[in-house]
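Residue numbers (numbering that gives the first Met the number 0), protein chains in the order written: chain A, 0 to 597; chain B, 0 to 325; chain C, 0 to 353.
Treat the hints with caution; some may be incorrect.
[What the hints assert, rightly or not] Taking lysine to aspartate or glutamate and the DMTMM-like style, the derived pairs with C-alpha atoms no more than 20 angstroms apart in a straight line are: (1) K310/C to E343/C; (2) K149/A to D244/A; (3) K190/A to D168/B; (4) K241/A to D152/A; (5) K141/A to D60/A; (6) K246/A to E76/B; (7) K134/B to E217/B; (8) K316/A to D168/B; (9) K597/A to E67/A; (10) K341/C to E327/C; (11) K248/A to E96/B; (12) K134/B to E327/C; (13) K292/A to E67/A; (14) K248/A to D312/B; (15) K248/A to E76/B; (16) K268/A to D187/B; (17) K251/A to E58/B; (18) K341/A to D116/A; (19) K268/A to D104/B; (20) K189/A to E45/B; (21) K268/A to E183/B; (22) K72/A to D244/A; (23) K251/A to D104/B; (24) K464/A to E543/A; (25) K246/A to E217/B; (26) K251/A to E76/B; (27) K197/A to E96/B; (28) K268/A to E96/B; (29) K149/A to E276/A.
By construction, these hints were calculated from the structure, which means they are not laboratory data. The structure presented is a predicted model; accordingly, all values stated were derived computationally and were not measured.
The lines below spell out each chain.
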Amino acid sequence: MTSHSRRIASMTAVLAAGALALAGCAKGGGGGAPQGGAGATSQKPLENKAVSAISVGTAADSTGPAPEVPGAKSGGTVYMIDRDDFSHLDPGRVYLNYNSSVSKLFTRTLTAYKHDDSGNIKLVGDLATDTGTTTDGGKTWKFTLKDGLKWQDGSPITSGDIKYSFERLFADFITEGPDYAETWLVPDPKKPFRDQYKGPYDGKELDTIETPDDKTVVFRLNDVHPDFNFTVAMTGYGAVPKAHDTKQKYDKQPFSSGPYKIVSHITDKSLDLERNEHWDPKTDPIRHAYPDKFHMEFGIQVQQSTERFMADAGNDKQAFTFHNAVAPERTQEVLNDPELMKRSLRGLTPFTTFYNINTKRITDVNVRKAIITAWPSKQIQQLQGGEVSIGKIATTVMSPTVLGYEAFDLYGKLAKPEGDPEAAKALLAKSGNPNPTVVYAYNQTPTQEKVTVAIKEALTKAGFKVVAKPLNAGTYYDAIGPVDNKYDVYWGGWAADWPTGSTAIQPQYDGRLIADNAPNYTHLNVPEINDAIDKANAITDAAEAGKAWAAIDRQIMDQAAIVPEFYQTYFGLYGSGLGGVKFDPIEGEQSALDIYVK
Amino acid sequence: MTSYLVRRVAGALVILIIISAITFYLFYAVPRDPARAFCGKICPPETLALIRHNLGMDEPLFVQYWHWLVGIFAGREFVQFGSCPAPCLGYSFATQEPVFSAIVDRFPVTLSLTLGASVVILAFGILTGMIAAWKVGQPLDKIASSSSVIGASLQIYFVGPLLAFYLVDTMQLIPRPSYVPITENPLDWFTHLMLPWVVLSIIFTANYTRMTRSQMVEQLAEDYVRTARAKGMSSRTVFFRFAWRGAMIPIITIFGVDLATLLGGAIITEQTFSLHGIGELAVRAVQNTDLPMLLGVTIVGAAAIVLLNIVVDVLYAFIDPRVRLS
Amino acid sequence: MTTVSWSGEQGTSRGPGPFLSVRDLSVEFSTEDGIVHAVDGLSFDLEKGTTLGIVGESGSGKSVTNLAILGLHDPAHTKIGGEIWLEDQELISADRGTMERLRGNRVAMIFQDPLTALSPFHTIGRQIGEVYRKHKGASKKEARDRAVEMLRRVGIPQPETRVDHYPHEFSGGMRQRAMIAMALVCDPDLLIADEPTTALDVTVQAQILDLLKELQQQFGTAIILITHDLGVVAGTADNVLVMYAGRAAERGTVREVLREPRHPYTWGLLSSMPRLNSSVDVPLKPVRGTPPSLLNPPSGCPFHPRCDYSKLAGPELCFNQRPSISPETGHGDACYLTLDQKREIRTAKTEDRA
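With the rest of the complex left out, here is chain A:
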């Protein structure tokens, strides 16, 4: 159940992840907890370095077909087993990673990520011929659609469809998806976007999106957004045909622009896909579509899916899972079995967890630094099943999956992961208050009770007085949401919506965005950081911007606004009859795009 923690992206996901990751870890925290260290030593450890080089590809990179996977062949049925059905398939309502992963099979976006064998990730044009062009530093974006793009009924995908796909996001029932583009496409980004445009259902168009011809879409944003081409890679901005928009019902049965179409979708039971004959591989740089069919089955708990993958019987040989990880109690067994490890996938996800330090209450930076220094990261990791099950000890804000990530460790957490009470005492001495009180709020679950004991012990050793406040899992975020909450330290999680610093950092650490229930739970408001964010946001060169975001990351850590906890890891299995099953670091789970039946 730790896999829930990787269900990244939306606020609700964070909510759910918070509750469930903690609940789920109760299993790992019990007697049968796999000892992370022991198992991990036999394996090559995941390193705290950028997992992949992320770059922006060229028009040539954007041309289809996708390079062949060696040894792959077409045909057959691929099975997918997972705990949960996809909660949304209407692109406008998709935010969670597992919804995105499946959507890639039938929903295409203007841009997308292309993975190569050496782990490099390139942003390329999917529907668009390239990753978009801007002539004014990122305020006006122009995309040209490829030739031969068709919907599942054979009708062409036009620029009008793309414009419509963005317009319908303003409708009152589409509330679950991202709202970056909506906010940027209305005249005033400070006012609610729905007050400025109500969507296309009453016949009105959004005039900031222009379609000079059937192939060209021009977006006129209200401000500079140099990584807008990353934004539109989100499934949330995928294509929806005006002629086949069934509004609320579209969520269960979207119309395909990709290599597969939905044959049947029985909520919470199954999803069946078969080939969309109108999809042309020559237009697609990232999708292979080797299998003829996908049969996806839901309601399989992680314990069951783990056992089924281990047994590898019948159709399960041709099965993979998007999301289900190896059950924590089985981790050790899998790690020790070389045959199983051959069909396992491990990787770092974009999901990071951390402990917010309320900078409004703990104003002395040395006290905050002392908290980080004294923090028992190692113990917490072990209580939750170790590195394989929960994640690597983090030392930065950004995850290694973000463009520009730089590894640094300001507080020696990797050298002394169990906490350094002496160094912390020294920091407290500098602050002039050797025994500050820390109010620690936590989710009251069995595992978190144990974690809290470890935290209390470590901080007390450094001289802190710790007051632990248990919170109800269901209302955890409501309790820590208010700006004037009465807690000093509380857990949180985040994942970037696209792998650049702007979504990894800005929503959480831009001091101008502090509001009740807003993601800035540390209430950090440092003018230099705010300025640096603005500057980084304006850099058009992705690599340069990456460097700027890494510098901001360092600034935030210098402010000691959070105790980074984990870069969460994924560890999953698939059946022996499949090839081309890969780990997708953008979504943090298994990818279906290169899969073939052996």
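Using the hints provided, position chains B and C relative to the given structure of chain A.
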């Protein structure tokens, strides 16, 4: 009889309305905002307000309940989900499907599971109990009695995966449990549900073995059974026609009570075998704090139990002529 | 007029003899506490068409004796000794099938409480009819007609309707009538009535006893009437057997036993019975003490702990040696007192009561 049924059903409706009102209040009074679940990661207050309005949750609780109640008979319209034809129990917050159709969809699974298990429980439990009673004190009695103790102490979530591992994965004797509609293929329906039936019935069967045995032994000591023997009825007739009738009355009473527990067992069994039944729906609704689904499942579950109790009472009257339905 | 004869001879070969002959019957139950000697060395005969009243307190073995005749005891826990002859058929050694064919057919039984003794789940008609079907091989229709006929004969009004009713829809007296109808449906040679009137109102009691007498005259059935009430015996039976602690205490014709009771226990029973001709202010005197434990019966005469006259018979006799019934035929009793002693004591008691 008819007027009895009308009165019982009317009473049941009143009970259900009371249960639903209380449940509605309890569920919807939780200090948690389901609107959050429909909001993106960065959730501005105006979007949250819009969602609350879309869900009809911006009104006082009793108005919401009234809408819910009316929706059952007249249907409803939700901005967030679209139309919801009668009988409308709302839309699931988690899966965005109509609660009623989700339940109807899954009903055959749970029904197959519980009915099948009931048959196994009653047939097998009563049979072994009768054998034990027939052969009181003999080895067969001892085997039946002691295996019933063992059976009662086994747990679904222990036996289920164990049997599945050996019978399905290792020996591949029976297919992996799943639900095949009986209308589609009765044989597959049967073979795919065999294991869940057995697993769900194990703990109950044992109870019924014990109960049947003791009830039979008790009945065999009754005066009217002695009379039957004094009339020259054969032991078999005495056993099956006379004592059995009397023994069944307490068994049926207890079975009526056990139905609720059986539904509980069905929940665990569905979880154990990934069967997509009402139980799974309920568990997921709890996990997701999916209020409309939770409420729907509660009401349907309560309705089922109330209804089955009426059935049991009517059954009573058929078995025991002393009971009058009035 | 038939007398109960007490024959000392025992054997397996029998010529023409009494209709029912019980020889040296013993019944033992094994219980958790030990072995209960419910009946011990009991012998009696019964002729066709006569009524034998068996009288005794509860636990005296009178019901057990009759269950043994029908073989209704629990075979797993019961040991039976002696012989029971029904004409030329020995019943103790008979197999199950034989006994099943016999029960309800040649020998029928009615019980004390007709409410619990009738199956609550089946109609009266069916319960009567199934006996007829079982033993006479009758069809359903014939069985039903027979049931209606039997109900009419036992005096149940509207038998055509009542035949489809359940026992709980009958009154107590009606139920016992139905029970009798059920017992007599196959014209049995022997009817065992175990306290048939105890659970009924006094007025109904008389009706039922009259009915039994009347039916006996019609069918010529031999009846064993088990009761604790000598009053019932007085009006109904030809012969009486008084039982105490699983043994016969006294036997004889009704006249003999009631007029000239010989056993001190019989005196006790009689003095606890109200008489029409005795004055109302004379208190009834029940037998003092409690019935003996059959797990561990008293040595000697089983009645001696409750007997006022045990000293009269000699210093040790009553305490050490078990008296057997004498004389062997006719009016006999199991007591060491001489006939003269008995007569004297009885005369004194009668004067006392008058």
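Tell me if the straight-line CA distance from K197/A to E96/B falls inside 20 angstroms. Not satisfied, since the Cα-Cα distance of roughly 25 angstroms exceeds 20 angstroms.
Taking only the CA atoms, is the gap from K268/A to E183/B under or equal to 20 angstroms? holds, 17 angstroms
Hinted pair, alpha-carbon criterion (20 angstroms max): K134/B, E217/B. Please report holds or violated. holds, 14 angstroms
Holds or violated: K72/A and D244/A, Cα atoms, limit 20 angstroms. Measuring from Cα to Cα gives roughly 35 angstroms; hence the hint is violated.
Is the Cα-Cα distance between K248/A and D312/B 20 angstroms or less? Violated, at roughly 44 angstroms.
Keeping to a limit of 20 angstroms between CA atoms, is the pair of K141/A and D60/A held or broken? Distance ~18 angstroms between K141/A and D60/A Cα, so the pair holds.
Pairwise hint evaluation, E327/C against K341/C, where the allowed Cα distance is 20 angstroms at most: Holds - the C-alpha atoms of E327/C and K341/C are around 18 angstroms apart, at most 20 angstroms.
Could you grab the alpha-carbon distance between K268/A and D104/B and see if it respects the 20 angstroms cut-off? Within the cut-off at roughly 10 angstroms; holds.
Regarding the pair K241/A and D152/A, is the alpha-carbon distance no greater than 20 angstroms? Holds - the C-alpha atoms of D152/A and K241/A are around 13 angstroms apart, at most 20 angstroms.
Just to be careful, I want the Cα atoms of K251/A and D104/B compared with a cutoff of 20 angstroms; is the pair within it? holds, 16 angstroms
K341/A and D116/A: Cα distance at most 20 angstroms? Within the cut-off at roughly 17 angstroms; holds.
K246/A paired with E76/B [C-alpha distance capped at 20 angstroms]: Holds - the C-alpha atoms of E76/B and K246/A are around 14 angstroms apart, at most 20 angstroms.
Comparing the model with each numbered hint stated earlier shows that hints 3, 12, 14, 17, 22, 24, 25 and 27 do not hold.
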